[in-house]
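K.L.:
Protein chains in written order, with the numbering used here: chain F, 1 to 338; chain V, 1 to 619.
None of these hints come from the bench; they were simulated from the model.
Take the hints with a grain of salt, since some may be wrong.
To be verified - Straight-line Cα separation of at most 27 Å, DSS-like style, residue types lysine-lysine; simulated pairs:
#1 F:327 - V:200
#2 V:200 - F:193
#3 V:202 - F:320
Claimed, not checked - Per label pair, the in silico range of CB-to-CB distance:
#4 V:590 - F:13: 35 to 45 Å
#5 V:239 - F:311: 39 to 49 Å
#6 F:321 - V:202: 22 to 32 Å
As the list claims (entries may be wrong) - Simulated coverage check for chain F against chain V, where a stretch passes if three residues somewhere in it have a Cβ under 8 Å from a Cβ of chain V:
#7 38 to 45
#8 81 to 93
#9 179 to 186
#10 319 to 325
Ideal placement from N, C-alpha and C gives every residue a C-beta, glycine not left out.
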Amino acid sequence: MTAAVPLTRKDFQTDQEVRWCPGCGDYAILAAVQSVFPELGVPREKFAMVSGIGCSSRFPYYMNTFGFHTIHGRAPAVATGLKVARPDLEVWVATGDGDSLSIGGNHTIHMLRRNVGLKVLLFNNRIYGLTKGQYSPTSEVGKKAKSTPFGSVDRPFAPLALALGAGATFIARSVDVIQPHLKTTLKRVASHKGTAFTEILQNCNIFNDGAWDRIAEKDVRDDNLLLLEHGKPLIFGKTKDKGIRQTGFDIEVVTLGDGASEADLLVHNEQHPSPAYAYMLASMDSRPGFPTPVGVLRAVDVPAYENLVNGQVQQVITQKGRGDLGKLLRGPETWEVS
Amino acid sequence: MSTATAPPLASDGIKREKLANAVIRFCGDSGDGMQVTGSQFTNTAALFGNDLATFPDFPAEIRAPQGTLPGVSGFQVNFSSEQVFTPGDSVDVLIAMNPAALKTNIADLKTGGILIINADSFGEVDLKKAKLKTNPLDDGSLSGYRVFAVELLKLTKAAVKDVGLDAKSVDRSKNFFSLGMCYWLFDRSLDGTLRWIDEKFKGKVAEANKLTLKAGYAYCDATEAYQTAAYEVAPARLVPGTYRNLSGNNALAMGLVAASERSGLPLFLGSYPITPASDILHELAMYKNFGVVTFQAEDEIAAVSSAIGASYGGLLATTTTSGPGMALKMEAIGLAVSVELPLVICNIQRGGPSTGLPTKTEQADLFQALFGRNSEAPLPVIAPATPGDCFWVALEACRIALKYMTPVIILSDGYLANGAEPWRVPGLDELPAFPTRFRTDPEGFQPFMRDPATLARPWAVPGTPGLEHRIGGIEKQDVTGNINYEPENHDRMVRLRAAKVAGVVQDIPDVVPAGDPEGDLVIVGWGSTHGSITAALHALRAKGHKIGHIHIRHLNPLPKNLGEAMKRYKKILVPEMNLGQLAFILRGLFVVDAISYSKVEGKPFKQSEIENKVLEVLK
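Excised from the complex, chain F in its bound form (with noise of 0.2 Å):
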C-alpha cells in the first residue's frame, strides 16, 4: 500500500445529480458520512454501500465507494454474503424504516443475531417516502397518511428494542440535523467489530414533515435528548437540571435538586451485563415526559460472525489438510473396470 494522500470528503462524492427532495434529511447524514469516511484511514475501494429500496437506499450512488444498490428489504442478506465473502471490506448498509423493519425484517433480526460486521445506518423518518406517503412500521399509532385515511390502528417498533431482541452488540442513535453528534457517532459505528445497529432520526419534510420536531428542533431539543456518555449519569434539560433514576425494575425522571441529586441517578454504561439496562433506554422515548436517549446506547464485544465463518473454514483446512479433488472424486469406495 502506498502512503496515499490524505482523503478527502471530495473524494466521496459522486458526479451523480442527488435526486433526494430539497430538504431531505437524507442530504444531511450524506454529509456526516462523506466527512467522517475520509477520517477512517480505510482505503476509499475497501468501502461497499449496500442498500434495499426506498429514498435512503439511493445512498450508494452518491457515494463514490463500490456500492450496491439491490432490492427492497434485501441489504442486510446481500451485504451478509459480501462481507462472508470478503472480510476485509468495510460494509455499509443504508436503509431505512420500512425497508430494513418491514419487508426485510428477517434479514435484519438475523443479521443482528450472527452479528455480522455490518455498518447499518437505519434512516428512521417514520413514513414511507418512496412510495408516496404510506404508514411505516415506525408510524405512530394514529398516524393519517394515504393508506390509512382514518389513523393507523398498528403499534410501531422500536428500532432499537427491537435490535436488543435479536441480540445486538452495538446500538446508536443520531439525529440527521445535529451534525456533530452525528459524526461523532458515526465514528464509533465504524470502529465496532460486529453489528453497528444506527438508527438516524431523519425528517421526511414532503411526506412526514416536523415528526422529529420535538428532538431536532433547537428552542426544545435540549429538553428532550439525553445524551448519552459512557460512565457519566443520565442527565438532560436546557438546564441540565433533569436526570433518570431507578427505582425498583422501572426509572422515573427527576429534577435535579428536588430531592434528587446526581449521585441518585443512573450512570450510563454502554457494556451493561444486562441488555435490559439498554432496552430502557431503547424505548424510554414511547413513555410520556421521557427524553429521547441518543448516542451509543450498547457496544459490547463479541466476535464477528465473518470471522467465525472463515476460522473455521481455516481450522478445518488446519485440521484435514487442504482438499485434494482427486480424492474427493473417487470417494470412499472405487472399483475398477477394464
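Using the hints provided, position chain V relative to the given structure of chain F.
P.N.:
For chain V alone, kept in the frame of chain F given last:
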C-alpha cells in the same frame, strides 16, 4: 463366478441361475431402515461391478404412524451385467417388512417373483393398520409369487441374544437380516456392509447389526428352500476406468467444488433447507477444507441474496433449493440478471404446486425457470440427464455463469437427486478449466462496457483501487451503469441482456440424436427422463423401429441445430413429468407438431410406458 472377495459364509455346490439383471425392492415402515438397506445393497452391487440405477421412494413424513399405508418407504435397485438406464419397471425380488408395505408394493412384483415377508408383523393389529380384511399370508392372494415368510424379528432376536441389546434396538437391526438374505440370494460379499457398519455404529449396536447381517446370510445358506432362489448377476462391461457409486445431489455438490477448483474461486453456498435439495447443503458443509463457505440463511430469499453478495465480492456463488424456494428467490434472481453477476441456482424439482409432493419427483418448473421473473429477464437453463451427469452440469453452469456474467439455473429433480448410478471417476485433466479474470485496470473502465465476443460486462470486485462504481436493480445507462430512465436506453439494455444470453448458443454443443439420425419418430426429452427414454429407444430399435432420441441439456438457449435435427423425423414425441412444457416451447419456437406425453404422478416414467406411447403414436 468371480467376486472381488469371496462371501465369508458361502457354501460350495449351490447351483446359481445366471440372470442378466435383477430388480430388488426393499419396502417397509419409514422407521424400518429401508433406505439404508437399499443403499447398502446398491453399494455392494456397484463395488461388484454391476451397472445399476436406483429409485428411493419415501414419504414426506419423517415417521408416519407405524405400520400405516402413508408410512411406507421403499428403495428399488436394478443391477445388471449390461447397461442399465432405469430402476426397472417391475420387481424380481420384493422385501416387504409389514402388511402396509406389501399392500402398496405387491402390484409391481413380477408373476413368479420372489417375495420375502417379515412374518412377525402380520398380526391382527398390523393387518388392520394396513386396512387389510384378510391375511395375505393365508388368503391365497399371493399364490402367484414365490413367497418366503420369514420370522425376521424372532430370527434377529436369536442372532443377537448374547449381545445384551434392548428390544427397540434389536427391532431396528432386523433390516440387516433381510439384507443378509439378499446378499446370499445374489451371491454378494458382506464385506462392504460390515465395514460400513463399523464406521457408522459403535459398540453393541454395531455388533448386533453385524451378527444380524451374517445371520440372514447363513439362514438362506442353511435353508433348503432358498437353494432354488440362488442367482448370479455378472459384472457389467462398462467403459474402462475407475468407478464409484454416486447420487445426483452428491454429484452436484462435487461438481460445484470442482468448478471452484478449476476457476480458482472459493465457493460460497447460500441455502435454506428444503427437500429434496438439502443434501447438497449437507454435502458442501463437509467440504470446508476446499475453502467452501456454506451459509444456512434465514430464508430462501436471504439464501440467494447472500450468494449475490458473495458473487459481488468475487466468489463463485451458488444457491440450492426446490420449487417453492425457487418462487421465493425469483426477485433476487432478477436482480442478478439486471446487475449481471455470475450465480448458479440449483433447483431440485419436486412435485408441486405449492408444497406439493416434497419427496416425489417432477419436472414442472421449466416454465418457472425460463419465464418466472418479472419483465424480460432471460438466463441460461441447463438440466442434467442422470445422477452422475449432475456433476458435469454443475461444472457447465459455473463455466457459463462466469464467462457470461449471468445467473444460470440448473434444473435437477428429486429422482436424479436421490437416485444413484455407477459413475466413472474422471481424471482431473478431463475437467474443463475456466480461469476467471477480474477487471483491475482503471484505464477506460466502465461497469457496463462489454466484451464484444460474449457481451459480458467486466467483473470489478470491491477492493480494486480505481474501479469504485455503483450497480443496482434500477435500469442502467448502457456502458456507464448510471441510473437511466430514457426509453431508448431501456430498450437497448433489455435487448443487450437478451442477446448476451442468446449468444451462449455459440458456446454449447449441437444435439446429436441417439439411435437413428432420421426416421419415423424422435423422442425429445430433457432431464431425468433420459434413462426411461434410452431404455425404450433400445427396445424399440431392437424390434426394427426407425426412431431417434434427442435429449436436451441446454434448455436456454436451445442448441442451434435442434429445429433441423427434429425435422428429420416424421413425428416428434415429448415425454415429460409435467403437462407438456417443453412440448409447448418446441411447438412455439419451431412450429413443429410436437406431441406431448405427460405424466405427473411424482414417479419417473417406466420404460414400458414410453414404449407403448411410441407404438401408439407410430400406428
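K.L.:
Taking the hints in turn, state whether each one holds.
P.N.:
Here is how each hint holds up against the structure:
For the hint linking residue 327 (chain F) to residue 200 (chain V), the alpha-carbon distance of about 21 Å falls within 27 Å, and the restraint holds. Using a Cα cut-off of 27 Å, the hinted pair residue 200 (chain V) and residue 193 (chain F) is violated, with the two alpha carbons roughly 41 Å apart. Of the pairs offered as hints, the one joining residue 202 (chain V) and residue 320 (chain F) holds, with about 23 Å between alpha carbons and a cut-off of 27 Å not exceeded. Our hint of 35 to 45 Å for residue 590 (chain V) and residue 13 (chain F) is violated, since their Cβ atoms are close to 54 Å apart.
Remark: the range hint 39 to 49 Å for residue 239 (chain V) to residue 311 (chain F) is upheld by a beta-carbon distance near 44 Å. Between residue 321 (chain F) and residue 202 (chain V) the C-beta distance comes to about 26 Å, which sits within the given range of 22 to 32 Å. Only residues whose beta carbon comes within less than 8 Å of a beta carbon in chain V count, and the stretch 38 to 45 of chain F has 3; three or more means the coverage holds. Remark: the stretch 81 to 93 of chain F is confirmed as covered by chain V, as 8 of its residues place a Cβ nearer than 8 Å to a Cβ of that chain, reaching the required three.
Residues of the stretch 179 to 186 of chain F with a Cβ under 8 Å from some Cβ of chain V number 0, which does not satisfy the need for three, so the listed coverage is violated. Three residues within the 8 Å Cβ limit are the bar, and the stretch 319 to 325 of chain F against chain V gives 6, so the coverage statement holds.
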